[in-house]
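Asks: As a plain string of letters, each chain reads:
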Amino acid sequence: VNATEIAAAVRAGATSARAVVDAALARIAVENPDLNAFTSVFPRRAVERADAIDAAVAAGTDPGPLAGVPFAAKNLFDVAGIVTRAGAKVTAGDPPAASDADAIVALERRGAILVGLTNMDEFAYGFVTENAHDGPTRNPHDLTRIAGGSSGGSASAVGAGLVPLALASDTNGSIRVPAALCGIFGIRPTFGTLSRRGAFPFVDRLDTVGPLARTAADLRAAYGALDPHFVPLGGSRGWRSARLGGYFDQGLLPEARAAVDAVCSELGAADMVEIAHARQAREAAFLITAAEGGALHADRLRASADAYDPATRDRLIAGALMPAAWYLRALRFAPFFAAELAAAFASHDVLVAAATPYAAPRIGQRTIVVDGVETEIRPNLGVFTQPITLAGVPVVCVPVVAAGELPVGVQLIGRPGSENALLAVAEDLERRGVVGAASPPVAA
Amino acid sequence: MPLDAERRAALIATTARLASFADDVAAVQLPFREEPRP
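Residue numbers (my numbering), protein chains in the order written: chain A, -16 to 427; chain B, 5 to 42.
One or more of the hints may lead you astray.
[What the hints assert, rightly or not] In silico DMTMM-like pairs for lysine to aspartate or glutamate, Cα to Cα no more than 25 Å straight-line:
id: 1; chain 1: A; residue 1: 72; chain 2: B; residue 2: 10
id: 2; chain 1: A; residue 1: 72; chain 2: A; residue 2: 289
id: 3; chain 1: A; residue 1: 72; chain 2: A; residue 2: 85
id: 4; chain 1: A; residue 1: 72; chain 2: A; residue 2: 187
id: 5; chain 1: A; residue 1: 72; chain 2: A; residue 2: 282
id: 6; chain 1: A; residue 1: 72; chain 2: B; residue 2: 8
[What the hints assert, rightly or not] One side of the interface only, derived from the structure: several residues of chain A facing chain B at Cβ under 10 Å:
id: 7; residue: 273
id: 8; residue: 296
id: 9; residue: 362
Think of the hints as simulated: they come from the structure by calculation, not from any bench.
Virtual Cβ for every residue (Gly too), placed ideally from N, Cα, C.
Next comes chain B alone, as it looks inside the complex:
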């Protein structure tokens, strides 16, 4: 699917927002393990 400059910019801006949100959520220390036990 071809992307013009405006749509590419919108996609990059949205992805940057999602990345920033993901980093913020990941920084929360959850009180349970993230990895399965062996």
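Extracted from the complex, chain A is given alone in its bound form:
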């Protein structure tokens, strides 16, 4: 059941928030041992909150547009009284958070109910959620495969139908990559739009937070709850769409190319737009990430490097030792690239590109052959999300699921502040049956 249906039923008194939360907690108890999506569950907090919402409905008070909707949050979001882990062991001795993160507060203020926290790549530095401390999160469409990352636990939980919504973060693709691999919707908002207070930082220049959902309407409802200035648009408005070519048209396996073809065909995106310096944009985002991530963790690394996930540690150390000149070059390049992308938006409203080059690889798989070249999976999964990150523009990731195939995702990229247009396009595509979350075999 999706979020908007749950909220309508709870507000109408047709079902209780308590029944919805009990059902979600029961699903998590049964399926999480297979998925490893949740790292902690808060039954008491969730039940208390549900009872308060049911009491409000009984008293004739509207609990809000997300009334009784259970949601999960990546374990880098603060929850009052809990130590914020951010997928790490080295954070275990930190003081508990004094209050909930702003994103959690915003969803709960509109009636949603936090049920637990989810697995991630350590400190959000990865695209696979094969966490050395908490184990790998599994893809609900094939338990032998990764869920993507770094918000893999949130995406797996939503993809499996354990909860209809989850909070995640996206620095270089950490919402878009797992949304794509788990076959759900996700949005990376315009940089700076949503409050990051109470979200464990990674790269100040690039970090964003955003929701994941199983339907485009749910994604709009969740985004609307998070962005106080959001004004939704209804229906199709004749958006001018184009396909990103060049860099974005290379190194894809057939399933990813077919997904982009399907979306472009439906949008009438006949034009191909090339962004001249997309490769360097990805490289600049990579450099900024290494430098800022390394700087953030330099003191902890000095004291307790061995407590880090080996997959994260060496990249953070390399970043901490990186010459400042490399970081400054990347910073100087960023506005140049943003202007290059802005020029493409002079003639188009939506740019379309694959979210990942292929569907979910197997857990533990290190390389994949693309165009006859053996490629490292871990950095390569973000090859199409990372350049867009640098420009700070919003992206909605939509799922394309062919019968009997693993899901793949497509990025709908817009100009800064155009979340409402991108969400309207996603809803339109879903209505026409081109995109949509697949029924998870695990939950079936």
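Given the coordinates of chain A, assemble chain B onto it according to the supplied hints.
Replies: The following block gives chain B in isolation, referenced to the frame of chain A:
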């Protein structure tokens, strides 16, 4: 902090990748000055 051979190799490989990326980004001719005006 002691580094074993495997970690030293990982660090060198990562740094080499960052160096190559930095060179590639630096090769882009930006349409504005890099040095402050006198």
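Asks: Evaluate each hint against the coordinates.
Replies: So, going through the hints one by one against the coordinates:
no.	hint	result
1	72/A / 10/B	22 Å, holds
2	72/A / 289/A	10 Å, holds
3	72/A / 85/A	24 Å, holds
4	72/A / 187/A	22 Å, holds
5	72/A / 282/A	15 Å, holds
6	72/A / 8/B	21 Å, holds
7	273	6 Å, holds
8	296	8 Å, holds
9	362	8 Å, holds
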